[in-house]
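Novice: Listed below are the residues making up each chain.
2 protein chains.
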Amino acid sequence: MSTVNSDFHIKREIRILGIDDSALLSEKVMVVGTIFRGGDWMDGVIRADITKDGLDATDIICNMIKRSKHYGQIRAVMLDGITYAGFNVVDIQMMYRQTGIPVIVVMRSKPDFEKIKSALKNFLDGEERWKIIERAGEIEEITGEKKKNSIYVQRAGISLESVNKIIRLTSIRSNIPEPLRVAHLIATGIILGESRGKA
Amino acid sequence: MSTVNSDFHIKREIRILGIDDSALLSEKVMVVGTIFRGGDWMDGVIRADITKDGLDATDIICNMIKRSKHYGQIRAVMLDGITYAGFNVVDIQMMYRQTGIPVIVVMRSKPDFEKIKSALKNFLDGEERWKIIERAGEIEEITGEKKKNSIYVQRAGISLESVNKIIRLTSIRSNIPEPLRVAHLIATGIILGESRGKA
Chain A
1 MSTVNSDFHI KREIRILGID DSALLSEKVM VVGTIFRGGD WMDGVIRADI
51 TKDGLDATDI ICNMIKRSKH YGQIRAVMLD GITYAGFNVV DIQMMYRQTG
101 IPVIVVMRSK PDFEKIKSAL KNFLDGEERW KIIERAGEIE EITGEKKKNS
151 IYVQRAGISL ESVNKIIRLT SIRSNIPEPL RVAHLIATGI ILGESRGKA
Chain B
1001 MSTVNSDFHI KREIRILGID DSALLSEKVM VVGTIFRGGD WMDGVIRADI
1051 TKDGLDATDI ICNMIKRSKH YGQIRAVMLD GITYAGFNVV DIQMMYRQTG
1101 IPVIVVMRSK PDFEKIKSAL KNFLDGEERW KIIERAGEIE EITGEKKKNS
1151 IYVQRAGISL ESVNKIIRLT SIRSNIPEPL RVAHLIATGI ILGESRGKA
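As they're listed, the protein sequences go chains A and B.
Our numbering applies: residue 1 is where the first sequence begins, and numbers increase by one.
Our numbering applies: residue 1001 is where the second sequence begins, and numbers increase by one.
In isolation and in its complexed conformation, chain A is listed as follows:
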């Protein structure tokens, strides 16, 4: 499935799309994508809406990417975890197949799978959601310069070595890559009136 580990030369200006969601204030939750050149420069912003606790995130995000004028340039998509808008789980293998763009999931800490599994019992299609989570694959650690700066990743269509390079290239202001840090500022700022917290 994700056996293609498209290893590529990573230029300093590689185009990366970072996607975050906004606060859970209503049934429709805004997701914001930022198109960055490396960690330096934002080239564009895209937006779409997904359903709180729905199962439409994968399709809607894929469509948002494919209709963007930046689609042909984007070399990797970064997600802030795989559950958006509550428990709207993103199928990263499907996303890679549908868009042809490698996917990197970034997490500040290891997810608590027992807690997630337990919460999914409240969903009729909880098992389907759990399978999507399992399909996202192994969680790997990317060690920062200091141990406390480590982050965790999952990936589709890209080698760990390339993930490592892209994370280092783009994490210039914190241990979170700029495309995700800025997508978070936008999503919270627009919905809450002022940005807050960390991606």
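Honestly, the hints are just simulated from the structure, not real lab data.
For every residue, glycine included, the Cβ atom is placed at its ideal position computed from N, Cα and C.
Among the hints, erroneous ones may be present.
[What the hints assert, rightly or not] Partner residues aside, some chain B positions facing chain A, computed with beta carbon under 8 Å: (1) I1139; (2) I1142; (3) I1186; (4) G1189.
[Stated by the list, open to error] Listed next, the stretches of chain A that the computed footprint assigns to chain B, with coverage defined by at least 3 CB atoms under 8 Å from CB atoms of chain B: (5) 31 to 42; (6) 45 to 51; (7) 182 to 189.
Add chain B to chain A, keeping to what the hints say.
Specialist: Same frame as chain A, now just chain B:
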């Protein structure tokens, strides 16, 4: 009135707020502010809504600034022209008095005052709006390296020399300062689904 020309040492990481509006799609028009450190790094996003062709932009933008957690750090506010959301004119002298922060208005080209004056005839309070436009003061040219990169500015509470320094420091990707370029990408991207055009 704007006799105080607070000249200050301009650090590379000076905090600048750039404000742009979104497309005129409804009665309420979103304005987006980006808080930048110099031209490099976005620290935050703020948002508010003003009325299409209303006269509430000055008050609402001042309140948006004063309630922000970044208020104490912001050293200059940049506007993309002084008419937002149609003909909702921003009083930059009033803004400087209310916030204590110098205001820099940035324009790609000299505004067509005859056209504006003529359009204002459709407003009962057209004369009041025209006075606010006059109060924004002289339009000065900031020459780029190439003549075609020149921009035009108006200002309140700041010397032309300081304006020049701040424009040069922050215009690292185009002839438009980063806080305005990025505010424009966010405002159009969020409202239209994908960012477009130039600030």
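Novice: Hint compliance check: list the failing hint numbers for this structure, sorted ascending.
Specialist: Hints 1 and 2 are the ones this structure does not satisfy, whereas the remaining hints hold.
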